[in-house]
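Undergrad: Given next are the chains, with one letter for each unit.
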Amino acid sequence: MAPDPGMLDPGLRQKLGMNLAAVFARASVRVKASFRESSWVIGETVFPFLAMSAFVLVYRGLHAPREYEGFVVLGGAMIAYWNNVIWGMASQFFWEREQGQLQLYLITPVSRMSILIGMALGGIAMTTTRAVAILTGGILLYHVSFPLSRALPALGLFVLTLGAAYSLGMILSSLFLLWGREVWHTAAILQEPIYLLSGFYFPVSAMGLVVAVAGSILPVTLGLDGIRQVFYGPAAHGLLPLPWIPPIQIALTLFFLYIARRMLRYMENLGKHEGRLTVRGD
Amino acid sequence: MTDAIDVRGLTRTFKARRRSGEVRALQGVDLTVHRGECFGLLGPNGAGKSTLIKILTTLLLPTSGRALVTGYDVATEPFQVRRRINLVSGGDSSGYGVLTVRETLHLFSQFYGVPGPVARRRAEELMQVTGLAEKADQKLSSLSTGMRQKLNFARGFMSDPEVIFLDEPTLGLDVEASRDVRAFIARWVRERPDRTVLLTTHYMMEADELCGRVAIIDHGRILALDTPTALKRTLPAEPVFEFQVSATGQDLDRLRGIAGVRSMSHHAHPATGAVQLRVVVDEDDVIGEVLGRLKGLERSVLHLTKMEPTLETVFIHHVGRGLTDEEEERDGA
Chain A
1 MAPDPGMLDP GLRQKLGMNL AAVFARASVR VKASFRESSW VIGETVFPFL
51 AMSAFVLVYR GLHAPREYEG FVVLGGAMIA YWNNVIWGMA SQFFWEREQG
101 QLQLYLITPV SRMSILIGMA LGGIAMTTTR AVAILTGGIL LYHVSFPLSR
151 ALPALGLFVL TLGAAYSLGM ILSSLFLLWG REVWHTAAIL QEPIYLLSGF
201 YFPVSAMGLV VAVAGSILPV TLGLDGIRQV FYGPAAHGLL PLPWIPPIQI
251 ALTLFFLYIA RRMLRYMENL GKHEGRLTVR GD
Chain B
1 MTDAIDVRGL TRTFKARRRS GEVRALQGVD LTVHRGECFG LLGPNGAGKS
51 TLIKILTTLL LPTSGRALVT GYDVATEPFQ VRRRINLVSG GDSSGYGVLT
101 VRETLHLFSQ FYGVPGPVAR RRAEELMQVT GLAEKADQKL SSLSTGMRQK
151 LNFARGFMSD PEVIFLDEPT LGLDVEASRD VRAFIARWVR ERPDRTVLLT
201 THYMMEADEL CGRVAIIDHG RILALDTPTA LKRTLPAEPV FEFQVSATGQ
251 DLDRLRGIAG VRSMSHHAHP ATGAVQLRVV VDEDDVIGEV LGRLKGLERS
301 VLHLTKMEPT LETVFIHHVG RGLTDEEEER DGA
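Each protein sequence line maps, in turn, to chains A and B.
Okay, so the first sequence: first residue is 1 according to the numbering used here, each after it adds one.
Okay, so the second sequence: first residue is 1 according to the numbering used here, each after it adds one.
Do not rely on the hints blindly, as some may be mistaken.
List time: in silico DMTMM-like cross-link candidates among lysine to aspartate or glutamate, alpha-carbon distance up to 25 Å [as the list claims (entries may be wrong)]:
no.: 1; chain 1: B; residue 1: 232; chain 2: B; residue 2: 242
no.: 2; chain 1: B; residue 1: 15; chain 2: A; residue 2: 98
no.: 3; chain 1: A; residue 1: 15; chain 2: B; residue 2: 73
no.: 4; chain 1: B; residue 1: 15; chain 2: A; residue 2: 268
no.: 5; chain 1: B; residue 1: 232; chain 2: B; residue 2: 160
It should be emphasised that the hints constitute simulated quantities derived from the structure, not laboratory data.
Same shape as in the complex, but just chain B:
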C-alpha cells in the first residue's frame, strides 16, 4: 500500500514583495506520512507549514522536488489527488449566508460526487458530533463565528476523504468547542484506520494528544520528526524543578552557588505576587540542598513540581523560541 503522503526534496520559493530576490518558504523538505496516521506539523508563523499544505492540496505548485498524495503526484495528477483529500483551515468559514447548515453540508458534498442519500446521512452524523444539529435549519447568516467554524470543520469530512488536511482547526474556537473538535478527530481516526490526518496546530497539547508522530518545521526545513514520546526523550535529561516561593526574603540568586545547580531563573507570578522559580539540576538529590538554602533565605516554599519534558520544551529546544513567545512578541510589536 502506498504512503498517504510522500514528499522528496520539496522546495518552494516566492518573489519577495517589498525587496528584490526571493523568499524560500520550503527548502528541500523530505516527509513520509503513513496511511492511518494522525501526523502533526508544528512550526512558528512563516515556518512553511501552510505552503506545504497548499502544495499537498494542489493549490500551489512546488518550485522543485516531488510530492505524492496517496501515490499521485500533486503537480501532474491533481484530479486524482483532489478526489481523495479535503482541507479545513481554522479561522475560515465556508458557505453562503442564505443557505442553512444542512444545505451547506449537502452543497459541498456534491462537488465530490457523494450520492444524495449518503450525503444526507453523513451530514446528520456530522451535525450531531459537532453540536450543529440544533442549528441544522438555520441560515448561516444567523450563526455565530464559532458555529460557522464548526460548520467549516464538518464540511471537510463530508467527502469522507482518504487524507484530510487540518490547518489550525481549533483556531479561534472556545475551550469547549476545541475539545469537541479534538474528540471528533480522535474518534474519526480510530474508527477509520485507513484514513490519514495531517494536522498543523499552534497548540502543543493538541498535537501531543492527537498525533502519533510530529514534525517540527522552521525556515522551510524539518528540524525533528518522531513520536512525541521519542522527541521528548531526545531532550537533555537534567531534571527541572519549578517552585513557587514567597515574595519576601533574601536574594534568590544566591542559589546559583549550590553545587549541582546548572541554571536557574525566577520571575514574579503576575496573579499571586509569589515568585516562580525554575531550577535545572544535575540530579534529583540536589533539590534537597536547594530547599535547605531557600529556608536559609527566609523564603517559604508554596509549591514544588518536577517538570516532565513536554512537546513545548522539545519545540523550544529545536526552534529556539516557543510559539507563545512568538505570539507575545507579535502582540507587543
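Isolated chain A (complex conformation):
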C-alpha cells in the first residue's frame, strides 16, 4: 500500500527546524525550572559551597600555597556541572520512564539526540548560575584570585570540557534508558571515587601518572587540570602539557557523541524488542 502522494517527506530544512525547536523547547524547561525552584538553589549551591569551604580551610590551615585555594574553588564550580551531567541529564530518561512520560518523547518524530542536547544546554544554563555563585563566593569570602588576562583561554578550555562532559552524559543517558535502576545505584556508588579521580579539590597529578591518566577518561579531570594550568602555570602541577588538552577534549567530544548516537539507537531498539521501554519500576 503506497503512502499518500500529498504527504511528502519533510525536507532537510524542515527536519532541522523541527529538531532545533525541540532542542530549544527542552532546554527552556531547565532554564525556567532554575528560576522557579528555590530549593534547588540551596541544594546545588549552598551545600557544594560548604564542601568546597572545608577544603579551602584545610589548605589554609596547612599554610598551603594560595593557588591551592584557587584549585578548590575551580573544582567546586566544576563539580556542579558534573553533578548536573549525572543526576540532571544522564538519569533524566530513567525518571521520565518512571513517571510514565518517556513514551511521549519516544513517539515524537524528533531525534532523541535533539532532546538530549536540549537537556544538556538547559542543564548548562541552569548549572552556570550555581557555578557562578560558587566562584563569586570563593572570590568574595576567601579572596581567591584568578588572573583576568587568562580568562579567555580558560573559558575556551572550559567550553571544550563541557562539550566532552555532556557528550559522555549522553552515553550514560542511553544506559539509564534501559537499565535505569542498576545504573542509578552504580552511579551513586561511584560518585565519591569519581570525585577523587577527577581531582576536584587537588591537582590530579598527585595521584601518580597511571591513576591520573586513567581518571582522564572523564573529561572534567583533564579540563580542570588544563584550566588550572591556564590560570596558575607550573604551580598547577599539571598532568599533561597544556597544548595537548584542547585537541584531546575535542576528540573525546566527537568520540562520545558518535558512541552516544549509536548506543541510543541500539538501546532503543533493544528496548523495543524486549518491550522494556515503557515498563516502570524495571
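Since the structure of chain A is already known, use the hints to place chain B on it.
TA: Just chain B now, kept in the frame of chain A:
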C-alpha cells in the same frame, strides 16, 4: 487513499517473567481502520490492547506480521509514522511541575514542529474545550490529578495528528470530566473527517457512543469486529425481561416450569432489598404468563423492563465474562 491502520498477521510474544516459555500477547491479528473512523478496541486486561497500541505507536516491535499506519510500516519507517500520530494514555499525566499548563502544551507541540503562532492558538482552543483555560498560567504542581489528566489529553491533540491513539482516555476522570472528554472526541472527529481515532476503553457506553466500529479482543485475538448495531444484531434474539419484585412471597424458582421460559436468575437488590429478576423467554407473549405466576406467588411487580442488547452483552457473549466481572474478581482477590 491508504487506510489509517492496516495490520496483517500481527504477533507479539514476550518472555514470561516468572516461568520459562513465553507469553503470546498478540496472535495473528488482522485489522483495518479506515481514515475518518473512530474505532473502538474492547477487551479485558491482558487481552492485547495495549500491546497492539504500543506496536502501532512505534514503542514496540512486532514478533511477526506487518503493521502500517497511514501507509507506513511501524517497524521500518517509524519516523514517518511518528510525524502523523499521537498517543494519550488515560491515568497518566504529562509535563513537569515547574511549568504552567500553557507552557506544557507549547513544549510538546515543539517536538512535532508546530509553528509557534499555530501552537499558541491551538493551545488556547484546547484549554477552552477541556476546561483548562482558567488554569492556563498555573504550575502543574498545583493542579489536581484530574486536571493533569485533562492536560495530558489536550497534549495529545496539540500536534493535530492524523491518527490519535486514546488508551482509556477517561480512566480515573470524574463523571463531568469524562463527559467533556467524550464530547471533545466526538466533536474532533466530526470537524475533521480525515482524522482517525483508535480508542480503547473499559466503558462500553463510551465505545457505543463514540465508535463507528468496534473490535472485541481477548487473548491476543480479535473475536468480533463490526458496528455496535451490527454486533448487537448477532446476539441470539430471545427477548430478555428484567423485573423488580417484592422481597416477600413464595419461591421464585417455580417460574422455571413455565413453557417458553428459557432461563431465569434472581438476586436481592443491594440498595432496595427488592429482588432483581431476569427472565429470558422464547417470545414476548410468554411474559403475560410470567406476570400471572408472579401474582400467584404473592410477589408484587415493582418494575418491569424489556432489555435491549447492549455492547456489554455482546462483549459477554464473545469473551465469556464482563469487564465489570473482571474488575470485581480483581478487587475481591
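Undergrad: Next, verify each hint and record whether it holds.
TA: Going down the list of hints, with the structure as the test:
Using a Cα cut-off of 25 Å, the hinted pair residue 232 (chain B) and residue 242 (chain B) holds, with the two alpha carbons roughly 18 Å apart. Distance hint between residue 15 (chain B) and residue 98 (chain A) is fulfilled; the C-alpha atoms sit about 22 Å from each other, no more than 25 Å. For the proposed pair residue 15 (chain A) and residue 73 (chain B), the alpha carbon gap of about 20 Å is at most 25 Å, so the pair holds. For the hint linking residue 15 (chain B) to residue 268 (chain A), the alpha-carbon distance of about 18 Å falls within 25 Å, and the restraint holds.
In summary, the hint linking residue 232 (chain B) to residue 160 (chain B) is not supported, as the alpha carbons are separated by about 33 Å, beyond the 25 Å threshold.
Hint compliance for this structure: hint 5 alone is broken.
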